[in-house]
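Undergrad: Protein chains in written order, with my numbering: chain F, 1 to 384; chain W, 1 to 547; chain D, 1 to 184.
Keep in mind that the hints were calculated from the coordinates and are not lab data. Just to be clear, a hint being listed does not mean it is correct.
Quick list of in silico lysine to any residue cross-link-like pairs, SDA-like style, CA-CA up to 25 Å [unchecked claim]:
#1 F/K134 <-> F/D119
#2 D/K92 <-> D/C137
#3 W/K163 <-> F/T308
#4 F/K71 <-> W/T354
#5 F/K266 <-> D/R85
#6 F/K221 <-> F/N166
#7 F/K173 <-> F/D160
#8 F/K165 <-> W/F70
#9 F/K330 <-> W/T233
These are the residues of each chain, in order.
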Amino acid sequence: MNKIKKLSVGVTLMTIGQQAAHADYALNLMQGVTKVSHDIYDLHMLILWICVFIGVGVFGTMFYSIYHHRKSKGHEAAQFHENTTVEIIWTIIPTLILIGMAIPATKTMLELADVQQSDMTIQVTGKQWYWDYKYLNNDIHFESHLDEASEIAHRTKGADPRSVKNYLLEVDKPLVIPVKTKIRFVLTSGDVIHSWWVPDLGWKKDANPGFINEAWTSVDKAGTYRGQCTELCGRDHGFMPIVVIAMEQPDYDAWVKKTSEQQKQKPDLSNQSHDQLVAHGKSVYLKNCVGCHQIEGTGVTGLIPAITASPKVTGGIDPLIGFLQAGTSKMPAFSKLKDNELAEVITYIRNDLGNKVGDEIQPDKITPVYDDDNDEDDKNKVAP
Amino acid sequence: MSAVVAEHDDHHADEHHDHGPAKGLLRWIITTNHKDIGTLYLLFALAMFFVGGAMAMVIRAELFEPGLQFVDPAFFNSMTTMHALVMVFGAVMPAFVGLANWQIPMMIGAPDMALPRMNNMSFWLLVAGVLLLASTLLMETGAPNAGWTFYPPLVLQPITVGKALPFAVFAVHLLGISSIMGAINIIATIFNMRAPSMKMMDMPLFVWTWLITAFLLIAVMPVFAGAVTMLLTDKFFHTSFFNAAGGGDPVLYQHIFWFFGHPEVYIMILPTFGVASTIIPVFARKPLFGYSSMVWATGSIAFFSFIVWAHHMFTVGMPMAGELYFMYATMIIAVPTGVKVFNWTATMWKGAMTFETPMLFSIAFVVLFTMGGLTGLMMALAPLDFQYHDTYFIVAHFHYTLVPASIFILMAAGYFWLPKWTGNMYNEKIGQLHFWLSAISVNILFFPQHFLGLAGMPRRIPDYAIQFADWNMVSSIGGFIFGLSQLLFLYIVIDTIRGGTGEKVTAEVWEGSSNHSLEWTLPSPVPYHTWTTPPAVVPTEHVLDSH
Amino acid sequence: MSEEDVSKKNTKLARILLLVAVGMFGFGYALVPIYDVLCEWKWIERDRPDDIKKAPEVAYKVDMSREITIEFMTTLNESTPMEFRSEKKQLKVHPGEYHTVNYYAENKTDKVMIARAIASFSPAVISSFFEKIQCFCFDEQTFKPREAKTMPMRFVINPELPEQYKTITLSYTFFDNTEKSVKK
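Could you put the whole structure together from the sequences, leaning on the hints where they help?
TA: Printed below as a string of structure tokens:
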């Protein structure tokens, strides 16, 4: 009875599994697009089959026994309780199997660790809750945030995630790498521990604050590969995906050229209309502020102050600029924001999220005003 | 020191120990009787099982569909954190301490635990610890939400964990003190209180596994207490154990935590092995196969648990020598664990088996624990762990080794010993129904999580990409069925205590059980005081050649 | 054996076990220095901020046969309102050669800031071959309001560096320690 029920459950699950496999679902580890990921996949399959084999052997024996050696069938209990030969055999055989597993595992491990002789290096910095990429060879540097469609969908009650393309697996600026090139990654973090994982590359590696880790990859096939942060890093841990686009060398070179040029351009500090400022400000807010202050500016009770009706936000503009740029012990400094981004986000938070100050600030009016004596949080930062 | 004072008082109390239990509610508060305290532990654990289970239902409800429907991400993280803490420290560990309290004195022919006053104190400290932990749920800033592993710097971050950290740390201290006192008590009982005729190698395997577990507890609970104390001083007193800016290293915390954490998982599984090794021979009507190899296997698993901790940290950036060492050391554990599984199979082999509920749960334990063990072997291989780590594959693995293993065996133990304790038989039909519902739904719950993990779903996320939707839904449905099925167990426990089927059980309860261990030679229900004079003869189930 | 004897034995055993538990609490703390010691072993090597000591300037024989690429990586920890970068992102050097690389750091606030730069190497074994003669990471750095500093870091790579290392990364992360330093 036991066996039949188990079997029928198994068959049902397998049927569901097979149907699912016909959709674009994975039931098994992906093979990936690097030599290392293939080696890991092969090792995975080898160990999986060994485990299945052991399982079938052990459970087969057990179920045979359950079926035949039962009291209801009138089976008399034997009274043996040890057998040294058998016990030695079933200690030695598993040991041999384990040694057999350890050899290929060690080889793959050494391969994974061989970061030397690389062609280029990318610095990956995990931050709450986005990734920051710096190409150490060519000065390209950008942040990679969850894309706006997913950001809005997962924060809006009643939104349909299925209508969003690549829900939670899309970013605004993907990491671009050339194919068939040995790329070395150095990983670190700007706050808490994160972990950078793209399954198709075959590994994940933790990003620890203050320390660096290294890893490498060499992608065989051009394409887009997606992954996620895999170390719990706070409330939005589930919302910092990774997208890697592997390009053929000429495409990559073109991308580098274009991106470097864009990066060299000075930010556009020309005046914008009030509505433009607010609209652009929303994008800046969604990238930089929403993780803590939430989509409606409510903050989090007891932990993170609300933006709605906050005197700090609706008060003077100059102290607000200083506040955003210098941060406090609780709020990170946003000195990275360009003047136009600051103008946009300030206009946005003063005129949306339940606030209605009615004014605006233009990018060219942003003057650094760092001092803010009214700020309580800041008091303990003042040196003697 | 208080333990020593208490001990002297006990001696005084012991002189009048033929009186019955105190009357009313006070009986349960001041009791020093090992059976009363065992009952308290078991009922408390059962209550916490439902509290922790309710949290799991919140998690599965949120993950039923993509998108955030019910809770916000920070609360979701609180749920995963609290679910783990409540289940580990509130349900599984206390349940095994409860079984130890009931069974160890009866199995070794002792009148009570060695230090009865301390026994009472360790129970109430447990309650205090869990209440302190649960109180954080009512805080404005919420319960701890940095995972049960409390990794810094996340757990120290003001915007993540609000005011809950010191409460959680002191709760861990209380739980630690409670566990250590319980462990000391168990070791003293086993060493000093055995019936004179019982040698160490005559002890039932449940007693052996608990003895070894108790040593693990004494060795690692203080280390955990130390680690969380360092967190506390880092946060409030400007030490820099784990802060790179002050010369510390956040990875150091992970080493200290897992030095505790790995033995901790064996603390939850070794007594499980003990109970399984007690139940299976009874229903196979055969002596346990390979008694001494079981003892050695348990001992070596416990030993290895101290030297494999960093396999939880393969991706943290360890030097190659470390990665390889921890990989090899971890793989070795498969050998003694395999020996145990083979021994259980051999115990069933050529037996005369019957399949009452305790046996069904035990067989399911052997099968499903082995599955959890095999996936454990897969992730012991460091390069594979670079893919599996922190995904649902891991979640599936450790739930297989905890739910259909530890929890199933606790259920089995309930069905097995409740008739002995109460003198009433449970309803076998409902018991079997409970088993089949649990065994099937637990697989619907956890098996698809292997697929999710391999397909790339990280753990501890409140929302997920669309391609993970279907298996999450299946898993959630399994979870709801599993959760509801456990209400049957609650019903059975209450029903059995209140009279059960009305059938009065014999002293043996299960045919031939008195050949296996001492408690079955006592009358059913067991009297309030047992073995006031130690038994003259003890069953030595591994030496049955003379029979 | 009388009941009293058992009771004495129990008390004695409980005391011993309690001492073991207290000892293990101490062992938890002892793991901190043990970890430091282990990290300094050649085959384990994990750089720790405390290890960074000033090295004396020794005249090494320059190994012209090989060239090593050093990458300089800079990170700011969360709420550090600074600008921080190295003058060069990459430098090719011969082992035994002395070089100076300038780092630029600017306090972007109107307040005094005390910050600490934490070094980390990749691969970690490098830290015992990378000898710093002058570095801003030896001490906490105090920045006056809006002060910008150019901070030189003078170093040499010990020619004993094993052959297999061709690209190495030196990372500095600035942590804002103002609050902590003021409270001390």
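Undergrad: Against the 25 Å threshold, does the CA-CA distance of F/K134 and F/D119 hold or violate the hint?
TA: Since the Cα atoms of F/K134 and F/D119 sit roughly 15 Å apart, the hinted pair holds (cutoff 25 Å).
Undergrad: Are the Cα atoms of F/K165 and W/F70 separated by 25 Å or less?
TA: With a Cα-Cα distance of about 23 Å, the restraint between F/K165 and W/F70 holds, given a limit of 25 Å.
Undergrad: Checking one constraint from the list: CA of F/K266 to CA of D/R85, max 25 Å. Satisfied?
TA: Within the cut-off at roughly 19 Å; holds.
Undergrad: For the pair we were handed, F/K173 and F/D160, check the Cα-Cα distance against 25 Å.
TA: Roughly 24 Å separates the two Cα atoms, so the pair holds.
Undergrad: Is the hinted pair F/K221 and F/N166 satisfied, with a Cα-Cα distance of at most 25 Å?
TA: holds, 21 Å
Undergrad: Does the structure keep F/K71 and W/T354 at a Cα separation of 25 Å or less?
TA: Given that 25 Å is the threshold and the Cα spacing comes to 6 Å, the pair holds.
Undergrad: Regarding the pair F/K330 and W/T233, is the alpha-carbon distance no greater than 25 Å?
TA: holds, 19 Å
Undergrad: Assess, step by step, whether the Cα of W/K163 is no farther than 25 Å from the Cα of F/T308, and give holds or violated.
TA: Answer holds: W/K163 to F/T308 is near 24 Å, not above 25 Å.
Undergrad: Against the 25 Å threshold, does the CA-CA distance of D/K92 and D/C137 hold or violate the hint?
TA: holds, 22 Å
This entry satisfies every hint, going by the numbered hints stated previously.
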